[in-house]
Amino acid sequence: AQSVAQPEDQVNVAEGNPLTVKCTYSVSGNPYLFWYVQYPNRGLQFLLKYITGDNLVKGSYGFEAEFNKSQTSFHLKKPSALVSDSALYFCAVSGIRSGNTPLVFGKGTRLSVIA
Amino acid sequence: DSGVTQTPKHLITATGQRVTLRCSPRSGDLSVYWYQQSLDQGLQFLIQYYNGEERAKGNILERFSAQQFPDLHSELNLSSLELGDSALYFCASSVGSWGADTQYFGPGTRLTVL
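In order, the protein sequence lines correspond to chains S and U. Numbered according to the numbering used here, the first sequence spans residues 1 to 115. Numbered according to the numbering used here, the second sequence spans residues 1001 to 1114.
Bear in mind the hints are in silico, worked out from the structure with no lab data behind them. Glycine included, each C-beta is placed from N, C-alpha and C at the ideal position. Among these hints, one or two may not hold up.
Derived DMTMM-like pairs (lysine to aspartate or glutamate); straight-line CA-CA distance at most 25 Å [as the list claims (entries may be wrong)]:
#1 S:Lys107 with U:Asp1040
#2 S:Lys49 with U:Asp1071
#3 S:Lys49 with S:Glu8
#4 S:Lys69 with S:Glu15
Here are the computed distance ranges between Cβ atoms for each label pair [claimed, not checked]:
#5 S:Pro40 with U:Asn1077: 26 to 32 Å
#6 U:Asp1071 with S:Ala5: 22 to 28 Å
#7 S:Asn12 with U:Ser1079: 40 to 46 Å
#8 S:Asn68 with U:Ala1100: 17 to 23 Å
#9 S:Arg42 with U:Gly1084: 21 to 27 Å
#10 U:Ser1079 with S:Glu66: 17 to 23 Å
#11 S:Leu88 with U:Gly1003: 32 to 38 Å
Excised from the complex, chain S in its bound form (with noise of 0.2 Å):
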């Protein structure tokens, strides 16, 4: 079964330093990745996905996501914090190429970024 690991539940960062949020997966064969990032009650939004391809994936907002396959990971950076970053992180896989396929979701990250 594919599953999806945030490591940490709360990041803390100043505004203008580099931030990273970090995730690690279990799947069988190759993986489909996702960072989605949640405002206070608010949905989902989508970030960037990794298939195939460049291990670096640039996404929404200037974030990106590096994906290592020998580490199972695929880290959320990006290079400059501001404050309106701060917002609950989800990583989540989809492990199969065709089918039904629903998204396993991480517990996710609290991104707090003080000024």
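Since the structure of chain S is provided, determine the placement of chain U on it from the hints.
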């Protein structure tokens, strides 16, 4: 705005009651997914429909059921409600039913069971 709409935004009801949550997918999307978000369980996949047919089932209770109509909107029916059913219920949609398809989420329906 993702283009996925959900009604109602909030629902307050009593134990033992039945409610219906509605979802309209993005224009052109054929798949609809339902998720439940609670503090203790996190985001849990409930069920997926693709072009009117059930495609995948997750941790959906027997008291819950769903369907997708010919116009592709979907409804999630929750019956014999219990206090533990209080949660945020999200609908998502995608173009197809492949694992690589991006799912776009609606704003959610917050259900409170008293």
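Does the hinted range 21 to 27 Å hold for S:Arg42 and U:Gly1084 at CB? Hint holds: Cβ distance 24 Å, inside 21 to 27 Å.
Indicate whether the distance between the beta carbons of S:Asn12 and U:Ser1079 respects the range 40 to 46 Å. Holds, since S:Asn12 and U:Ser1079 (Cβ atoms, about 43 Å apart) stay within the stated range.
17 to 23 Å as the expected CB spacing between S:Glu66 and U:Ser1079, which holds or is violated: Between U:Ser1079 and S:Glu66, where Cβ atoms are some 45 Å apart, the hint is violated.
Mind checking the alpha carbons of S:Lys49 and U:Asp1071 for me, to see if they're no more than 25 Å apart? 29 Å, violated
Hint check: S:Lys107 vs U:Asp1040, CA-CA at most 25 Å. Holds or violated? Status holds; Cα separation ~10 Å.
Given the proposed pairing of S:Lys49 with S:Glu8, does the C-alpha separation stay at or below 25 Å? 20 Å, holds
Could one say that the CB atoms of U:Asp1071 and S:Ala5 fall in the range 22 to 28 Å? 39 Å, violated
In this structure, is the beta-carbon distance linking S:Leu88 and U:Gly1003 contained in 32 to 38 Å? Hint violated: Cβ distance 22 Å, outside 32 to 38 Å.
When you take the CB atoms of S:Asn68 and U:Ala1100, is the distance between them in 17 to 23 Å? 19 Å, holds
Distance restraint hint 26 to 32 Å, applied to the beta-carbon atoms of S:Pro40 and U:Asn1077: 28 Å, holds
Hinted pair S:Lys69 and S:Glu15, Cα distance within 25 Å: Violated, at about 30 Å.
Checked against the numbered hints listed earlier, the structure breaks hints 2, 4, 6, 10 and 11; every other hint is satisfied.
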